[in-house]
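Peer 1: Each protein sequence line maps, in turn, to chains A and B. With the first sequence counted from 1, adding 8 to any position gets you this note's numbering. Numbering follows this note's numbering, in which position 163 of the second sequence is assigned residue number 150; successive positions increment by one, without gaps.
Hints listed in this document are in silico derivations from the structure and should not be mistaken for laboratory results. Be careful, since some hints might not be right.
Partner residues aside, some chain A positions facing chain B, computed with beta carbon under 10 angstroms [to be verified]: (1) Tyr17; (2) Gly19; (3) Ile49.
Quick list of simulated restraints, FRET-style, between CB atoms [as the list claims (entries may be wrong)]: (4) A:Asp40 to B:Glu332: 30 to 38 angstroms; (5) B:Lys364 to A:Glu34: 47 to 55 angstroms; (6) B:Asp119 to A:Val38: 30 to 38 angstroms; (7) A:Glu34 to B:Ala174: 23 to 31 angstroms; (8) A:Glu34 to B:Glu348: 27 to 35 angstroms; (9) A:Val35 to B:Glu332: 31 to 39 angstroms; (10) B:Ile127 to A:Asp13: 39 to 47 angstroms; (11) A:Asp13 to B:Glu25: 16 to 24 angstroms; (12) A:Asn46 to B:Lys364: 45 to 53 angstroms; (13) B:Asp325 to A:Val45: 30 to 38 angstroms.
Glycine is no exception: its CB is placed at the ideal position from the N, C-alpha and C atoms.
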Amino acid sequence: MIIKDYCLYCGACAGVCQVDAIEVKEVKIVIDEEKCVNCGICVKICPVNALEM
Amino acid sequence: MDINTDILVVGAGPAGSLAAREAARRGVDVLLIELKSEIGSPKRCAEGVSKSGLLELGIQPDPRWIARKSNGVRLVSPDQTSVWLSEDTIELPESGYVLERKVFDKHMAMDAARAGAKIMVRTQATSLERVDNGVIVTAIHMDEEIKIHAKIVIAADGPSSRVGRWAGLDSNTKTENMESCIQYEMAGVNMVNNNVIQLYFGSCAPGGYAWIFPKGEDIANVGLGVLKTHADRPAYEYLNEFIENCPETKDAQAVEVNVGGDPVGGLVKERCGDNILVVGDAAGFVNPLTGGGINTALESGVYAGIVAAQAIDDGDYSKKNLEEYVKLTDEHIGESYDKYKKAKEYLLSLSDDELNKIAHEFVKVDIDEISPKTLIKVLIKVSPKALLKLGKLF
Ligand SMILES: Cc1cc2nc3c(=O)[nH]c(=O)nc-3n(C[C@H](O)[C@H](O)[C@H](O)COP(=O)(O)OP(=O)(O)OC[C@H]3O[C@@H](n4cnc5c(N)ncnc54)[C@H](O)[C@@H]3O)c2cc1C
Ligand code: SF4
Ligand code: SF4
């Protein structure tokens, strides 16, 4: 998963990730690639298109 | 560092701060942690709130966090037909004040502090483990890892909610229920009426709506939410288009951009378990029709604070003893959600043409005669399927 620099750390992606693979910090998000099942839901929900598979 | 507390509240949004305030008022130990370095900032909200809803919770209006008062709503159909509803004739949810949430949220946390709660900012919960008679939440405070032993944890971690899931609750938000939202705070907005909140419906925001909420003479939050089941592009593309096409915003300039998720699918399956309560957005306390969640975050926080403090007094932190919270929130908040959900489903089933037709009919109704009943009557006249979807509800 590529996280673009213009991510705004809103956590919408973390809220919908069904396997709880996304951690939201104040100015950073971290995706646990081992937990991620590549469903693409987070990519779709992002209001600014900051994620790319 | 190890910390012991009766109640740990994770997240200092409106829900967390009110939960902390209510519990601390009852004399129990409360720790409120917030991952951000500044409570309330950045805002992820259009800031519309119900005036009476605040008063009911004992929150006295303070000019420091009220950006503007609003006295009605303008509903705009795709062909720009306006339907005006006044607060005097119809009860409008999330209407009365447009807040300055960066100040409001901070003030709510300050009230919690005054009631006796301890607060730690820039402190992020990272995991939860169950132990005898409580939970241990690991958190990162600045560069330090801390272990917080609590008898009860109140998960107030907003739409990105994870704490409930860590505790084993089925409190997930489904993608089809999460509005993907974006907003600019803008100056130079030419509002037709800068004392009402404005909602724009139709294909400008598939699965949601666009809004203009006034914060000053020419200042407004301009944003929209879309559902991924209805939209085929990211929210920001829709918003940029909306701003370009809307006569009120085409010359306005953004001074801030906000994004966020708004869970509009109604309550999560489980908002209570042994040693845990889930409040606010994390529990789905958002009006499914409007997406408004400030008032209900505050209210659910109050009930959680009261019930958790009582459980500490009882020395019983079991799910059974905490279930009073579910009862209270069902009774006072949750019961209306089915109705709003149905109304939303109906709204989303309408094409731009149908929305225009309905608006044309509404415009003919004498403004003084507008009540929910007359509106439904008119609606059923132009849109027979409304009877099927809404008839029994209102
Ligand atoms: C664009 C947009 C517009 C909206 N407009 C309106 C509106 O006009 N009116 C209205 O009523 N509602 C509106 N809402 C909804 C409203 O913002 C929410 O319902 C409300 O903020 C919910 O309050 P809360 O306390 O539950 O969560 P939040 O306000 O989200 O607070 C949660 C807090 O928890 C913190 N947190 C999260 N995880 C952790 C962790 N692991 N450790 C520590 N802290 C953590 C977060 O940093 C945050 O401060 C809007 C939402 C969006 C996205
Ligand atoms: S939804 Fe987008 S902007 Fe928000 S935290 Fe996730 S990647 Fe970043
Ligand atoms: S692709 Fe799916 S599983 Fe992976 S982080 Fe995104 S939402 Fe989670």
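Peer 1: Hint by hint, note whether the structure agrees.
Peer 2: To see whether the hints hold, each was checked on the structure:
1. Tyr17: Holds: closest Cβ of chain B sits about 9 angstroms from Tyr17 of chain A, inside 10 angstroms.
2. Gly19: This interface hint holds because 3 angstroms falls under the 10 angstroms limit.
3. Ile49: Holds: closest Cβ of chain B sits about 5 angstroms from Ile49 of chain A, inside 10 angstroms.
4. A:Asp40 to B:Glu332: 30 to 38 angstroms: Distance hint for Asp40 of chain A, Glu332 of chain B holds at roughly 35 angstroms.
5. B:Lys364 to A:Glu34: 47 to 55 angstroms: 51 angstroms, holds
6. B:Asp119 to A:Val38: 30 to 38 angstroms: With Cβ atoms ~31 angstroms apart, the hint holds.
7. A:Glu34 to B:Ala174: 23 to 31 angstroms: Since the Cβ atoms of Glu34 of chain A and Ala174 of chain B sit about 27 angstroms apart, the hinted range of 23 to 31 angstroms holds.
8. A:Glu34 to B:Glu348: 27 to 35 angstroms: 49 angstroms, violated
9. A:Val35 to B:Glu332: 31 to 39 angstroms: Between Val35 of chain A and Glu332 of chain B, where Cβ atoms are some 38 angstroms apart, the hint holds.
10. B:Ile127 to A:Asp13: 39 to 47 angstroms: 23 angstroms, violated
11. A:Asp13 to B:Glu25: 16 to 24 angstroms: Because 22 angstroms falls inside the window, the suggested range holds.
12. A:Asn46 to B:Lys364: 45 to 53 angstroms: 51 angstroms, holds
13. B:Asp325 to A:Val45: 30 to 38 angstroms: Holds - the Cβ-Cβ distance for Asp325 of chain B and Val45 of chain A, about 32 angstroms, lies within 30 to 38 angstroms.
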